[in-house]
Amino acid sequence: MDALKQHGPETPASFTVSSRSLLFVISGPSGAGKDSIIEGLHDRGLEFYRAITAVTRAPRPNEVHGTHHYFLTPAEFSQWEAQERFLETATVYGHRYGTPRQEVTTALDRGQDVLLRVDVQGAATVRQRMPESIHIFIGVPGLSLETLRQRRDQRGEETLAERTTRDSLLRGELAAIPQFDYLVVNETGEIDRAVDQLSAIMTAEKCRISPRG
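Just so you know, we're using the numbering used here here: the sequence shown kicks off at 1 and counts up by one.
Mixed in with the good hints there might be a few duds.
To be verified - EDC-like mimics (lysine to aspartate or glutamate), calculated; alpha carbons at most 20 Å apart, straight line: (1) K206 to E132; (2) K206 to D109; (3) K206 to E190; (4) K206 to D113; (5) K206 to E47; (6) K206 to D181.
Calculated directly from the structure, the hints in this document are not laboratory data.
Work out the full structure: start from the sequences and follow the hints.
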């Protein structure tokens, strides 16, 4: 008894908050507010590296090659694909999208958390190849098609053909939700709340004792 009082009960080995770098994968339908939420995280000073993806579409106004995306011709994209330079690829709205593998691995190796925004096709590939990755789906209230349409209309960059294509893809995107680890609903006019939730998820995962995968 005296020995027990002196040394106390046995305790497991000391635990510390994980210092390992993590890969966060963000997906969701067009109009859900993914980029705005990510910008909100950045504005709050959260430290992460946002992986730059490669695309075959033309740059939009104010988009810069190597900053927002790597803008490639279809031939250049195919060459990168043949060289196995991509972690994942997908065809979305008639354009090719891909995440350069080195964008992710280099940042993780230098100890940075990585945030990757991809569609649900790409997320499925990343999940298979990097099972330790954390996947978050960004949705809208009631997962409503009409809400998504209204938000896309406000951006003023959608043709009728694009609307039809995006609407048809939505069902498949919603069906993929059970494959994700978390769902964040971006309520209209309450983006700060969505940023709070995503920030809390990232913090909780950094405090996880046992790694995923």
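So, going through the hints one by one against the coordinates:
1. Only pairs whose Cα atoms come within 20 Å are accepted, and K206 paired with E132 is accepted, the gap being roughly 13 Å.
2. Pair hint K206 plus D109 holds up; C-alpha atoms about 16 Å apart against a cutoff of 20 Å.
3. Distance restraint check for K206 and E190: the Cα-Cα separation of roughly 25 Å exceeds the 20 Å cut-off, and the hinted pair is therefore not satisfied.
4. Of the supplied pair hints, the one linking K206 and D113 holds, its CA atoms being roughly 10 Å apart against a limit of 20 Å.
5. With a C-alpha separation of about 12 Å, the suggested pair K206 and E47 falls inside the 20 Å cut-off, and the hint holds.
6. Restraint check: the Cα-Cα separation between K206 and D181 comes to about 15 Å, which is no more than 20 Å; the hinted pair holds.
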